[in-house]
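S.K.: Working from the sequences, and respecting the hints, build out all of it.
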Amino acid sequence: MGKKKPSVPESAMLLENGCPHLSSIPVNTDSVGTEGVPQHPVIDTHTHLVSTFGAYRSKYPDGQFMTVHDFVRGYFRPSGRVSNSGFVTDLVDVYCEAPVMKQWKEVADSALTEEQRMKDWGGVQYHFVIGVHPHEARHYNDEVENEIADAALHSRCVGMGEMGLDYHYDNSPREVQREVLKRQLAVAVALNKPLTIHTREADEDILQILKENVPVDHRIHIHCFTDTPELAKALLEHFPNLYIGITGVITFATNLNTRQAISNMISSAISSGASLTATPSPLRILLETDAPYMVPGNLSVQSLGLKAGSRLPFSHSGMIPWTAHFVAEVATEAAGGAASWTAEEVLRIATENARTMYGL
Numbered sequence: 020m021g022k023k024k025p026s027v028p029e030s031a032m033l034l035e036n037g038c039p040h041l042s043s044i045p046v047n048t049d050s051v052g053t054e055g056v057p058q059h060p061v062i063d064t065h066t067h068l069v070s071t072f073g074a075y076r077s078k079y080p081d082g083q084f085m086t087v088h089d090f091v092r093g094y095f096r097p098s099g100r101v102s103n104s105g106f107v108t109d110l111v112d113v114y115c116e117a118p119v120m121k122q123w124k125e126v127a128d129s130a131l132t133e134e135q136r137m138k139d140w141g142g143v144q145y146h147f148v149i150g151v152h153p154h155e156a157r158h159y160n161d162e163v164e165n166e167i168a169d170a171a172l173h174s175r176c177v178g179m180g181e182m183g184l185d186y187h188y189d190n191s192p193r194e195v196q197r198e199v200l201k202r203q204l205a206v207a208v209a210l211n212k213p214l215t216i217h218t219r220e221a222d223e224d225i226l227q228i229l230k231e232n233v234p235v236d237h238r239i240h241i242h243c244f245t246d247t248p249e250l251a252k253a254l255l256e257h258f259p260n261l262y263i264g265i266t267g268v269i270t271f272a273t274n275l276n277t278r279q280a281i282s283n284m285i286s287s288a289i290s291s292g293a294s295l296t297a298t299p300s301p302l303r304i305l306l307e308t309d310a311p312y313m314v315p316g317n318l319s320v321q322s323l324g325l326k327a328g329s330r331l332p333f334s335h336s337g338m339i340p341w342t343a344h345f346v347a348e349v350a351t352e353a354a355g356g357a358a359s360w361t362a363e364e365v366l367r368i369a370t371e372n373a374r375t376m377y378g379l
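Here the numbering used here is used: the first residue of the sequence shown is 20, the next is one more, and so on.
One or more hints might be untrue.
[Said to hold, decoys possible] Quick list of the computed label-pair ranges, beta carbon to beta carbon: (1) D128 to G328: 40 to 46 Å; (2) L226 to K121: 31 to 37 Å; (3) G355 to L379: 32 to 38 Å; (4) S291 to S26: 25 to 31 Å; (5) M137 to H187: 40 to 46 Å; (6) S291 to G82: 48 to 54 Å; (7) N211 to S322: 40 to 46 Å; (8) Q135 to R193: 40 to 46 Å; (9) K124 to R330: 31 to 37 Å; (10) D128 to P259: 41 to 47 Å; (11) D81 to L226: 27 to 33 Å.
In case anyone wonders, no lab produced these hints; they're calculated from the structure.
Virtual Cβ for every residue (Gly too), placed ideally from N, Cα, C.
M.R.: Right under this line is the structure:
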């Protein structure tokens with residue numbers, strides 16, 4: 020038997036000491052919608068909140084947070100939050116199951132009014148997208164399509180997805196994946212809903228299907244990009260309102276594609292003579308977690324007071340500043356002295372992009 024990993028206390032998951040890559044500047048507010056601007060705003064553009072809360076309760080059955088709302092307030096709006104913490108302003112929750120997970124409406128309805136979002140969510144602005152993941156494509160039917168189309172009309176729904184193609188696992192037949200993707204794209208385009216796209220090892224087909232079925236100016240989020248830099252380049256060139264989603268997987272030693280896609284954005288801007296500090300930024304990225312998966316590899320367990328070999332049991336939106344720091348390092352290296360970025364600047368750029376992408 021392998022050696023058992025050291026246990027991780029719940030207090031470590033709260034990241035109570037903040038992020039060492041963010042400056043400690045006094046925070047003007049502890050709630051969204053009042054005077055003052057959060058110093059280090061974080062928008063998680065792709066999280067599976069119900070699953071993350073489930074992972075939390077599974078790991079910490081005696082944990083202090085008993086509901087999704089308790090979890091959000093406790094993890095993202097703690098009363099003792101230090102000033103170098105990321106300040107989670109918005110969550111984009113993702114429902115992509117077939118049959119459709121019924122919890123979406125209960126959760127979304129609890130965030131209908133600003134009063135509810137202040138009381139139940141601690142001021143975090145809750146949004147969601149809904150669709151059917153390519154793994155689930157074999158379960159797609161007219162009933163599912165009608166359900167997600169109806170859900171897309173909810174006032175907290177900001178997009179449709181995640182939908183797409185996954186030729187790595189092939190959990191659904193490829194021809195079924197392609198047909199279901201086209202059907203969902205037709206619904207989303209008809210409703211003018213932004214798209215959250217999953218693609219893995221399907222470069223040629225995803226590019227062709229998107230080009231043939233989506234208007235060139237449509238807003239598109241390529242979620243958790245890990246495919247070839249050539250695909251990223253082709254998508255960015257064809258769709259001017261497309262953004263590349265960056266999760267903690269960019270920090271993994273085995274993932275060079277995502278880093279190269281970031282580097283190419285910078286080198287392309289330099290080649291074209293564009294300003295690297297312009298607004299909008301040449302960094303056409305969105306920051307996301309895909310929580311509860313993919314804890315950033317640069318979040319050192321030792322910095323949390325844990326023993327070497329400890330493994331954090333799930334990711335959450337408060338970890339995004341570590342991903343931002345890694346992106347900043349990659350972009351700065353790619354600029355070769357022409358410009359530099361900090362984690363704070365990457366957070367700001369990603370926040371602006373997220374508001375443009377999803378209309379937050």
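S.K.: If a hint holds in the structure, say so; if it doesn't, say that too.
M.R.: Now the hints, each set against the structure:
1. At about 43 Å, the CB distance of D128 to G328 agrees with the hint of 40 to 46 Å.
2. One distance hint, 31 to 37 Å for the beta-carbon pair L226 and K121, holds here, with the actual separation near 34 Å.
3. Between G355 and L379 the CB atoms are about 33 Å apart, so this pair conforms to the stated range of 32 to 38 Å.
4. The beta-carbon spacing between S291 and S26, approximately 51 Å, falls outside the hinted interval of 25 to 31 Å.
5. For M137 and H187, the hinted distance range of 40 to 46 Å is satisfied, since their beta carbons lie about 42 Å from each other.
6. Evaluation of the 48 to 54 Å hint for S291 and G82 yields a pass: the beta carbon distance comes to about 50 Å.
7. As the Cβ distance of N211 to S322 is approximately 44 Å, the hint placing it in 40 to 46 Å holds.
8. Distance hint for Q135 and R193: a CB-CB separation of about 42 Å, consistent with the stated range 40 to 46 Å.
9. Look at K124 against R330: about 35 Å separates their beta carbons, and that is inside 31 to 37 Å.
10. Checked against the given bound of 41 to 47 Å, the beta carbons of D128 and P259, roughly 35 Å apart, lie outside it.
11. As the Cβ distance of D81 to L226 is approximately 49 Å, the hint placing it in 27 to 33 Å is violated.
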